[in-house]
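Residue-level listing of the chains:
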Amino acid sequence: MSTFDEIKEILRESLFPSDGQCVLCKRLLIFERSPFCFYCMGKVHWIGESVCEKCGKEEIYGHTRLCLDCNYNIHNYHQGIALFTYTREGKKIIQDIKFQGNKKLGRDLGDKLGQKIKTKNWDEIHMILPVPLHPNRERERGFNQSWEIARGITKSISSPLVNNLLIRVRDTPHQTDLTKRERERNIKNAFSVKDQQLVVGKTILLVDDVYTTGSTINECGKVLMDGGAEKVYFAVLAIGQR
Amino acid sequence: MRRPLFNILAIYILGIILAKIHNYILIIILSIILLGLILLYRNKKLIFLLFFFSLLTGYFTGIIHINRESNLSFLENQKVLIQGQVIQPPLIKEDKIEVYIRTDKIVKDGKDYLIEEKVLGNIYFYDESKSNISISEGNIIRFQGRIKLPKEKRNPGGFDYSTYLKTKNVYSTLSIGEESVEVLGKKSLGMVRDNAFNIKANIIKVIEENLSKDHGDLLKGIIFGEKDLDNSIRDNFVDSGIAHILAVSGLHVGFLVSFVYFITKILRISNPFKLIIITMVLAFYIVVTGGVASVIRASIMTWIYLFSRVISKKYDGISALSLAGLIILIPNPLLIFTASFQLSFLAAFSIILFYSPILEYLLKIRFMPPVIGQLLAVTLAAQLGTLPISIFHFHQLSIISPITNLLIIPSLGILLITSIGGICFYLLTPFIGKYLFFLAGFIFQWVLKIAEFFSSLSYSTLSLPPFTIIGLIIYIFVLFIIANYIPIGIKKVKRISFIVLSILVIIHFTILLIPRPLKITYLDVNQGDSAIIETPNKITILIDGGGYPEYQGKRKISKDVLLPALYSKRINSLDLVIISHPHDDHMKGIEELIGEIPIEAIGVFDIDYKYMNDFIEEIRRRGIKVIKLTEGNIIKVDKNISMEVLSPKSNAIIVDEQKDINNLSIVIRLDYNNSSFLFTGDIQEETENTLIDMEKNIKADVLKVPHHGSDTSSSEVFLAGVRPRISIISVGESNNFNHPNPDVVKLLEDISIRIYRTDKDGAVEVITNGDWIRVRHYIN
Ligand SMILES: [Zn+2]
Ligand SMILES: [Zn+2]
Chain A
1 MSTFDEIKEI LRESLFPSDG QCVLCKRLLI FERSPFCFYC MGKVHWIGES
51 VCEKCGKEEI YGHTRLCLDC NYNIHNYHQG IALFTYTREG KKIIQDIKFQ
101 GNKKLGRDLG DKLGQKIKTK NWDEIHMILP VPLHPNRERE RGFNQSWEIA
151 RGITKSISSP LVNNLLIRVR DTPHQTDLTK RERERNIKNA FSVKDQQLVV
201 GKTILLVDDV YTTGSTINEC GKVLMDGGAE KVYFAVLAIG QR
Chain B
1001 MRRPLFNILA IYILGIILAK IHNYILIIIL SIILLGLILL YRNKKLIFLL
1051 FFFSLLTGYF TGIIHINRES NLSFLENQKV LIQGQVIQPP LIKEDKIEVY
1101 IRTDKIVKDG KDYLIEEKVL GNIYFYDESK SNISISEGNI IRFQGRIKLP
1151 KEKRNPGGFD YSTYLKTKNV YSTLSIGEES VEVLGKKSLG MVRDNAFNIK
1201 ANIIKVIEEN LSKDHGDLLK GIIFGEKDLD NSIRDNFVDS GIAHILAVSG
1251 LHVGFLVSFV YFITKILRIS NPFKLIIITM VLAFYIVVTG GVASVIRASI
1301 MTWIYLFSRV ISKKYDGISA LSLAGLIILI PNPLLIFTAS FQLSFLAAFS
1351 IILFYSPILE YLLKIRFMPP VIGQLLAVTL AAQLGTLPIS IFHFHQLSII
1401 SPITNLLIIP SLGILLITSI GGICFYLLTP FIGKYLFFLA GFIFQWVLKI
1451 AEFFSSLSYS TLSLPPFTII GLIIYIFVLF IIANYIPIGI KKVKRISFIV
1501 LSILVIIHFT ILLIPRPLKI TYLDVNQGDS AIIETPNKIT ILIDGGGYPE
1551 YQGKRKISKD VLLPALYSKR INSLDLVIIS HPHDDHMKGI EELIGEIPIE
1601 AIGVFDIDYK YMNDFIEEIR RRGIKVIKLT EGNIIKVDKN ISMEVLSPKS
1651 NAIIVDEQKD INNLSIVIRL DYNNSSFLFT GDIQEETENT LIDMEKNIKA
1701 DVLKVPHHGS DTSSSEVFLA GVRPRISIIS VGESNNFNHP NPDVVKLLED
1751 ISIRIYRTDK DGAVEVITNG DWIRVRHYIN
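Heads up: the protein sequence lines correspond to chains A and B, in order.
Quick note: the first sequence, position 38, residue 38 per my numbering, numbers continuous.
Counting from 1 along the second sequence, just add 1000 to a position and that's the residue number in my numbering.
No lab work stands behind these hints, which were simulated from the structure alone.
Ideal Cβ positions, reconstructed from N, Cα and C, are used throughout, including at glycine.
Treat the hints with care, since some could be wrong.
Pair ranges (Cβ atoms, derived) [to be verified]: (1) A:Arg137 x B:Val1493: 36 to 46 Å; (2) A:Ser156 x B:Val1310: 28 to 38 Å; (3) B:Phe1262 x A:Thr3: 35 to 45 Å; (4) B:Gln1445 x A:Gly142: 55 to 65 Å; (5) A:Ile30 x B:Ile1469: 17 to 27 Å; (6) A:Ile30 x B:Ile1025: 30 to 40 Å; (7) A:Ile10 x B:His1508: 35 to 45 Å; (8) A:Trp46 x B:Glu1360: 18 to 28 Å; (9) A:Ser156 x B:Lys1491: 22 to 32 Å; (10) B:Pro1515 x A:Thr119: 52 to 62 Å; (11) A:Arg137 x B:Asp1194: 35 to 45 Å; (12) B:Ile1496 x A:Val200: 49 to 59 Å; (13) B:Ile1276 x A:Thr3: 27 to 37 Å; (14) B:Ile1025 x A:Gly142: 47 to 57 Å.
Can you build the whole structure from these sequences, using the hints too?
Put into structure tokens, the structure is as follows:
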């Protein structure tokens, strides 16, 4: 981003602050330090301590330390972390970022996510890779939400944020209305690593907005691991319930 | 930081206030703190740097504007011949025409001064009720006038006329006799203004042709804010709490924009054109209303709103208001001290803050129609936010205004739409225009009826003393709790809020209950006497009330000085009022107070005098106690405070109306522990000698010098008897009596430590606990 764009962004943000109203109930925000009003802050289902050790979902199956999904399926990543559950409120937040163009919300929540990652005893992260959009989609939306979230994360995790290394080669249709199987088929071979050299032996943090069935993260993890990455973590804002 | 613009505005305003109260120490401290923050928080240094600049900009622009002076001040109080151009449409008032003039040439004693300056000319009517001259904007006029420098705040609660005019870039005024005004010709004021005023003149012509005088004046008042209304109608609007529709405000801009928007929608005008049309209409409106802050504010906010739609961003009222504030205040920082700016911005601010929360409450009421809920919410929000300010400026609160506004605001909308529609159509097809005006007539009648009906209700307004600072904090705190901005639904917040609120309330009442020192304020009532006494336990006494001479016409000293001073001291009733003697410059103000503020008792001399007897009868009828004061009376006022009447004896006979009545002034010595005050009215040498002959105890620390410092009083023997440490001369600036006499002043200078004169020092406040005495005066 050029300095000129940055100044434009600062000016726009000071006249039209994107966190002037509560994301969820539109109440005017005055004393709140978050993008939610005090009441809606409690309505968002923030993920607590007892989570699946693999994917970070707030769900534990039986006497294991994993969720149902992680008990029966193998994932192409080491561990993941999420900020809140993808409930009705969670969905609204993600929509505000993606479709209302609320980049600042993405960054602010990314910042929170970064602070949470810091409390984990993860290996040193060598690079942060946002899950890419297909160039057509990014042009249409004007920005990539994962990139904004990743920018927020870099406030506390000072690893390089790398763009255009993990790329989307296939413009896949929206995932929303598909089943788990269909999603996996849909996303297959959608990603590729541009420069294999750069990922060899590296510990990588993947960043995305939502983790529902995990097909996107898994597919990205697969390409990266195939490319020789040492370890892949992921961080998302919202994670599905089941 | 959520709203940097708001913070910048707040800090900028703080800078201006510190400039106004000359507090450079606080500026230095705050600058150091901000510089420290810049060094400490490296990642936020940009915003702290901006704060630092805002503070200094506020302070220095404030200083620059406060210190600006007229280039004509060397001609103060001189009569000169002036030639200049009328730059705004003249405003016709009750007894004068107010006109802003740009001077070209000033002639004094045959010498020409080429000074260009904007001045305010007051052209006084020759005949009391009507003027014989017709001038309009653009006219080049020549006239004789006396140059005056506007007065700053001279009394507690007083109006700072000088600062007010500075916000209009005016630094001197002219008193002009109507007969000397000559119109020499007409010159352009620039294309934009020529056209705007031309359109305005045409609109006014259409209004005058189609509406009756009352209705037409009302419409002119509503559209252009010209207060050229019949007095009784205006009083009705004030009393029923809807006077704000007569002052152009954001509400008017709102109606105007909605109307234009509606028309452009009907005509299917494309978006960019819509923007251009609205911009032009707003620009026109700003020019014809004389660029008042409220219209500019609302226009800027409208533009920001439309702009937010163009770039599809969320509109944020507070940030938009803050930007408007900065745009308006940077060239004109002193505006923050004017009532109209404060009301306009606070109304807008509290509508942004409280409209939705109030609406939420109102819609919980069963059977509440949403439209009525919305209207009530707007009015209530505006009123709650402006309440402290409007009490501070106007000392009263309209209780019925939510109801009257509920009835008036929709009518106002319809009225404006039919009238503006009428004006537009009249220019195209007069027939439809006439018909619309005919319809508007009914709405005018309805509006006037509402105003008349509601103003006739008694108890429609409450007189209230201004908020104390802690009272104000409590008020705002409670508002924020009610509006749910402080979330007391959360247990911890609830507990903390409760504790904080209780502590504030306790502090508030303890402060009110703590006895304070005795305070005596010698007001500047021009040529005349008036002093307010406030005792430690809140007993309030007024000695004399000043009074304007006959030729000042309808002006009232009570409205100008007494009531504002009393209200600003949070006094809303008087325990005792003493009239030293029945002369206009002491008594008229008190006569004006009757019925305006509750008075427990009035003390007068015990002498048979027709004028006084009539007055006594009148006040007795109103249920005010009358106390006849004679020599030897002692009044216990408060703990350790008493007043002794030293003169006159009862039943003296008046031969010479002027001199004898002066000499029969009530003379009072007030004692509080070791300090004493002497009030002497207008006694002259004769009574002074009697007091000495009778060996009365006239020794006092503070002397109100007899008879405005005239040479008929303050004899050497008398002053030697009083031996005042502080002498106060209550006297009018450049009065016709040559008071005070220089010899008397000289004598006083020899005897007392300090002399204060209300003509030079403004009101003088003397504070004592019975031992030490402190003096504060209002000018320099
Ligand atoms: Zn909310
Ligand atoms: Zn899991």
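These are the hints, each one checked on the structure:
1. Checked against the given bound of 36 to 46 Å, the beta carbons of Arg137 (chain A) and Val1493 (chain B), roughly 43 Å apart, stay inside it.
2. Between Ser156 (chain A) and Val1310 (chain B) the CB atoms are about 36 Å apart, so this pair conforms to the stated range of 28 to 38 Å.
3. Roughly 43 Å separates the CB atoms of Phe1262 (chain B) and Thr3 (chain A), a value that falls within the hinted 35 to 45 Å.
4. Roughly 56 Å separates the CB atoms of Gln1445 (chain B) and Gly142 (chain A), a value that falls within the hinted 55 to 65 Å.
5. Checking the proposed 17 to 27 Å range against Ile30 (chain A) and Ile1469 (chain B) shows it holds: the Cβ atoms sit about 22 Å from each other.
6. Remark: the range hint 30 to 40 Å for Ile30 (chain A) to Ile1025 (chain B) is upheld by a beta-carbon distance near 31 Å.
7. The given range of 35 to 45 Å is respected by Ile10 (chain A) and His1508 (chain B), whose C-beta atoms sit roughly 42 Å from each other.
8. The beta-carbon spacing between Trp46 (chain A) and Glu1360 (chain B), approximately 26 Å, falls within the hinted interval of 18 to 28 Å.
9. For Ser156 (chain A) and Lys1491 (chain B), the Cβ-Cβ distance of about 31 Å falls inside the hinted range of 22 to 32 Å, so the restraint holds.
10. Between Pro1515 (chain B) and Thr119 (chain A) the C-beta distance comes to about 59 Å, which sits within the given range of 52 to 62 Å.
11. The hinted range of 35 to 45 Å is not satisfied by Arg137 (chain A) and Asp1194 (chain B), whose Cβ atoms lie roughly 56 Å apart.
12. Checked against the hint of 49 to 59 Å, the pair Ile1496 (chain B) and Val200 (chain A) passes, with Cβ atoms roughly 56 Å apart.
13. Against the hinted window of 27 to 37 Å, the Cβ-Cβ separation of Ile1276 (chain B) and Thr3 (chain A) comes to about 32 Å, which satisfies the hint.
14. A hinted range of 47 to 57 Å holds for the C-beta pair Ile1025 (chain B) and Gly142 (chain A), which are about 51 Å apart.
In the structure shown, a violation is registered for the earlier hint numbered 11 alone.
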